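Enquirer: The listed protein sequences derive, respectively, from chains A and B. Counting in the working numbering, the first sequence runs from 1 upward without gaps. Counting in the working numbering, the second sequence runs from 1 upward without gaps.
Since the hints were made in silico from the structure, they are not lab data. Keep in mind it's a predicted model, so treat the numbers as computed, not measured. Please note that the accuracy of each hint is not assured.
Unchecked claim - Heads up, simulated DSS-like pairs for lysine-lysine below, C-alpha to C-alpha not over 30 Å straight-line:
hint, chain 1, residue 1, chain 2, residue 2
1, B, LYS151, A, LYS6
2, A, LYS107, B, LYS151
3, A, LYS83, B, LYS251
4, B, LYS254, A, LYS107
5, B, LYS243, B, LYS173
6, B, LYS290, B, LYS86
7, B, LYS207, B, LYS173
8, A, LYS107, B, LYS251
9, B, LYS36, B, LYS117
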Amino acid sequence: MDFGFKLNPSSAVNLDTVDRARYDRLVQLEPDALTCIGCGSCSATCTAAPWSGMSVRKVILGLQRGQDDEVDSMLSRCMLCGKCTMVCPRGINTRHLILTLCRLNRKGEIVR
Amino acid sequence: MVNRTPVIAIIGAGIAGLEAARQLNDLGYKPILIEKAPVTGGHVAEWNRLFPDMSPAADLVQSLESQTAKVRTMTGTEIASINRLKDGYSLILSDGETLVCEAVLFATGFHLFDASKKEEYGYGIYEKVITNRDLEQWFNTRHDPRIGHPKAVGFVHCVGSRDVKAGNTQCSKVCCITAIKQAIEIKEEFPEAEVYCFYMDLRLFGKKYEDFYIKAQRDCGIHFIRGRVSEVGEAIDGRVVVKAEDTLSGKPVKVTLDLLVLMAGIICNSDAQHYAQQVGVAVDDDGFLKSRDNVGAIVESSRPGIFFAGACTGAKTVPETLAEARSAALAIHRYFSKRG
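Same shape as in the complex, but just chain B:
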């Protein structure tokens, strides 16, 4: 392995993996993308439009894909095992190939919380209960018999996030703004519909997010109800009855809806935990991979040659993920420059 261009295995070809591959390729390294799914682009490829500018998700993914066209990309490929070598790592892939590399970049992303685990919300039980991902797919395909022409639509924030009972105490960070984005899109699609958002807190921290909130209130007349939905039931006509407490007035509220959208949260990717264990990288209390330092070295692990980018270390927005991918590429460059 002496005197060759360093090879960097990138696990996951979502936006983090693609962006890091692009940067590493430009820096003269040899990145190799390994993707479990048959296509690249990850979760973002399934999304329709991105906040805050409502830019098409497909444009971003296509741009990243075209800029990494020269990078060796192995889709539909799983990693059977990762082993530590003296000054590198070897990956045994599902197609039988063994890949020897000098560094590994985890761009393994996240899993979306399985909303059917919150049984009281009725996903998978009642027809009119869908998730944020289902709605995003409907925006893409316009095909979902559950949606129809709703006159009343509800959004439930924090489904599987900030919830000890669901095993996830962390905030998923992007659902507040996603719910508002989707609520506005629903209102634009069905102007006559009443739209309700049930929230615990609204965490609109990012650039232009607050503008989105004001737009949802003032221009779209979306009703924000501070209170966590306690239960969802089905009415005799197939609509869903939602119960919550309106904590601002201190009274229980009840509303009948034609469609209920659950904002499923971001949870750790169990595959990443498995790989981390094999190479001896620590997993944090929240299940995400543990950075060497949560302030100054978020893209570095505590083990030489193992780096992180994107949602493998916690919930991230798209621009944060892209910035981290670039940062990880530079951290890898510094690692090899020091090694000489």
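This is chain A alone, in the form it adopts within the complex:
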């Protein structure tokens, strides 16, 4: 039945129910991911970010907030140039982190 309007689902993140399986697996394989401080150096230096929306900071955060669609969309646009790795103040090997993440499915299983 069409009432002529619809209700948008809440955009709030419920940390009680968020599935962090992929993030938990990632930090097992890449413990440095835990030390991200969200400074945005990676996104600011990314050559492709202005057109693709790629941001390592948002990928790491999105995994913790259950935003899998956004994460996968960003990952698919990375060219793996590695500029982000050169600027990270916490010394995270972001390029390697992206590669590792691309090998994991949403349940955190290594599939590639």
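With the hints as your guide, set chain B onto chain A.
Expert: Same frame as chain A, but now just chain B:
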């Protein structure tokens, strides 16, 4: 008062007062410690372990107390009034004694912000909401029915600090690192627990503080959420539901916790303001005592013979307080050397 060893009244026998008393005693003066509480050591005596080396707070207090054993110490004593004399001060104490001294050192410290004033956080309303001081006491006594075996714990930074609505615009300086220290301690105590820190900014300025932050992230997996908690509610099972905005993702977040720790901030000691008024020492906009100069003469007041040490002039760490106490002792020494 001519030709006698100068007497220095030290108001407050916390770590600032004790350290200054030790130094002044060594320099040949006659310090007298006046403490309102029944015991010495102040706030630090209530703490369990100190950052950054996790050294026991009791060791520091005991060491200071043993080194000031020969200094006359009046505990459980309040000051009824302070009067200015021609070349000194007279203090009327709560036991009726009048103490005439050549100089007064304010080591009056701070008050911890009353977290129940931030009603939206539910301290004093919900059972599972405690403060940094309550948690520190639990580390000491292991007795607090509110704590139990939590599986999810949250820390709220800046409770009553940097908050115009709470009447305190200043940063309390030590809560960021205290929250991280306590979060690590909670994680060590309850390894299965998820720990969340809700912060506005993380101000980790001191030696080894950043290492603590990295340890909390990498070794303890503590979740840092940049966003100020907007409200806390109680779930039907007695746990607390915390709402905030995760400003880094731009989305509201909600989480249910077994324990919420509020990082109550450092505010001025109202007694110190009262005494300052009596001797004509200025109080700054933030409520703390006003130094003669905030760069070059932080331990000096604008009035001869009145000196400051520690958190009476603003939030301080333990090493900063101790350094200031020594500095104040030297400033007092210089004051008397000049006077001849």
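Enquirer: Would you mind marking each hint as holding or not holding in the structure?
Expert: Now for the hints, and whether the structure bears them out:
For the hint linking B:LYS151 to A:LYS6, the alpha-carbon distance of about 38 Å lies beyond 30 Å, and the restraint is violated. Of the pairs offered as hints, the one joining A:LYS107 and B:LYS151 holds, with about 23 Å between alpha carbons and a cut-off of 30 Å not exceeded. Note on A:LYS83 and B:LYS251: the hinted pairing holds, with a Cα-Cα distance of about 28 Å set against a maximum of 30 Å. For a cut-off of 30 Å, the pair hint linking B:LYS254 to A:LYS107 stands: about 23 Å separates their Cα positions.
With a C-alpha separation of about 25 Å, the suggested pairing of B:LYS243 with B:LYS173 holds against the 30 Å cut-off. As the CA atoms of B:LYS290 and B:LYS86 are separated by approximately 23 Å, the hinted pair is consistent with the 30 Å bound. Only pairs whose Cα atoms come within 30 Å are accepted, and B:LYS207 paired with B:LYS173 is accepted, the gap being roughly 13 Å. Under the criterion of a C-alpha separation no larger than 30 Å, the hint pairing A:LYS107 with B:LYS251 is consistent with the structure, at around 23 Å.
Taking the CA atoms of B:LYS36 and B:LYS117, the gap is near 25 Å; set against the 30 Å cutoff, the hint holds.
Consistency with the previously given hints fails for number 1 only.
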